[in-house]
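Visitor: Put chain B on the given structure of chain A with help from the hints.
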Amino acid sequence: MAGPLHASVRAQMSEVFTLDVSVDLPPGITILFGASGSGKSTLLRAIAGLARPDAGRIAIGDRVLFDTATGVDLPPQARRVGYVFQQLALFPHFTVRGNLEYGVAALPPAERTRRVEEVARRFHIDRLMERRPARLSGGERQRVALARALVTDPDLLLLDEPLSALDYATQSRIIEDLRAWNAAHGIPVLYVTHAHREVFALGERCVVLDHGRVLAVGTPHEVIDLPAHETIAQIAGFENLFTATVTARRPSNGVMQCRLGESLSELEVPLGMADVGGSVRLAIRAGDILLAVEEPRGLSARNVLRGTLTSLTREGPTVSARVDAGEPFIVHLTPGAVEALHLMVPMPVWLVLKTHSCRVVSL
Amino acid sequence: MSGIDWQAVGLSLRLAAIVDVILLVVGVPIAWWLAFRRRPWTFLVESVVALPLVLPPTVLGFYVLVAMGPRSPLGRVWEAMAGGPLAFTFEALVIASVVYSLPFVVQPVASAFRQIDPALGEASSTLGASPWRTFVRITLPLAREGIMAGAVLGFAHTLGEFGVVLMVGGNLPGVTRTVSIAIYDQVQALQVEAANRTALLMLLFSLAALAVVYGPLRRASHVTPQA
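Taken in order, these protein sequences are the chains called A and B. Going by the working numbering, the first residue of the first sequence is number 402, and it counts up by one from there. Going by the working numbering, the first residue of the second sequence is number 783, and it counts up by one from there.
Chain A extracted, bound-state conformation:
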């Protein structure tokens, strides 16, 4: 057991952008979540010793890797930090076996072979050992990159968006293998992504980075599903963000009534801190909104808004509908629903929103 990671890092990235974060990660998988350019990769490179921060301290348990106060700055090869690169960086001139053996070359041959074959079995690449990377599928390459980093028995594993190019099923299977591996080894794993889907598949903990600062730390549910902050709502995939005015508060029911923008549309939302007349920001997922072609009745949902369907756009397996209901809403539908409802542009529609699908976020 290697112990938790502490990293406080300051690095001037450009004249206007400074990375300034402090994180403490216990063993287990932590998601580092943020838009591109938020400083995620820089933080990873600093921890691995591939980039030199201006100031800070990085330690795994009692082992100090970098400390400007005492002048410690271990080179990458002495840090025992596993790193899986976004582009994987498999050695093209070695076979899978050669790639796996590279990091354990100093071990006696028998021990080396045992370690390589064990990790190959765990990541289900034991039948690919004599192949070169060019002859592997995308998912197989990811597995080799992961196995290559872990065969060295590192004290910490860093993953820089390694799975973002894969389909969901392949991703989940690799994540399962990683989980199983770490159940036995218990090292801190820092997993960088900007895809919120991966946050839920992986994360026990989640650190949100924005413009070089830590914005929030918590479980994926706390941080992403109940975003306290507009920036998080945006990067977490809340397609609808509105300014609204509080028109009434009903604390006994735990709700309040808000008017959207300049429109007459009102929504019942969870009770927030704002007073009547005060202004709030609402975040609503496009997939959390129902669309009806007749005025719906007898629903438990408290919010029904009348609007006009203004466009339908196919985006892969979903159809994105734009509805003008005082404010422009984005609603996600399945192609089957579009057909069944005979949706056409323009036509009158009704939007149905549950109270708790509307998140009150701060700016």
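I should point out that these hints are in silico values taken from the structure, not numbers from a laboratory. This one's a predicted model, so the numbers in the text were calculated from it and none came from an experiment. C-beta atoms are modelled at their ideal positions from N, C-alpha and C, and glycine is treated no differently. Careful: at least some of the hints might be erroneous.
Looking from chain B toward chain A, a few residues come up when the C-beta cut is under 10 Å (computed) [what the hints assert, rightly or not]:
1. P867
2. L909
3. P913
Guide: Here is chain B on its own, set in the frame of chain A:
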């Protein structure tokens, strides 16, 4: 094959082989430094290395000659150690040829180094490899084609040089008379037949060397050793 100056042919091949080995020993580190350790003034080093590409060989030969003369520091050190002057010896030819052919090795090798994904070197270091091990196991094998090309170009260029040899080595049979000078001599002496044979020999040899690099060697470089 009468008329061919076999002594000159042998001298040229020996010169090119020795120079090529020195070129690789000197040129590969320079190329590595140019590719991976860029400083704001790196362009100056690049310019100096590339100078022989644009300078007339006689200009280069003249300066090398001056640098080797008995009044120069290099010339004095050499005289003290070897007991004779440096200029117009085989060793002088080697030194001049190394300078003259350096860009033909450094440029292809540096460009091969630059084409290697930097993440491969970083991955190697996070897997515990020292910079030296990364260089030997990752950088060198992946730059193989560029190094091969540099070696052949350096060899062929040394074989074919004329101006620098004439300035620095003169025309001493068995010591500094290379093939290109032998051909020049034969033409001057109106031995066109002999010059023709010698020239044809050089042409075929150069063609064969290049064909080996562009053919079998390049294909072989895809079959690389395992870890």
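Visitor: Next, verify each hint and record whether it holds.
Guide: Cross-check of the supplied hints:
no.: 1; hint: P867; verdict: 48 Å, violated
no.: 2; hint: L909; verdict: 4 Å, holds
no.: 3; hint: P913; verdict: 8 Å, holds
Of the numbered hints given earlier, the model fails hint 1 alone.
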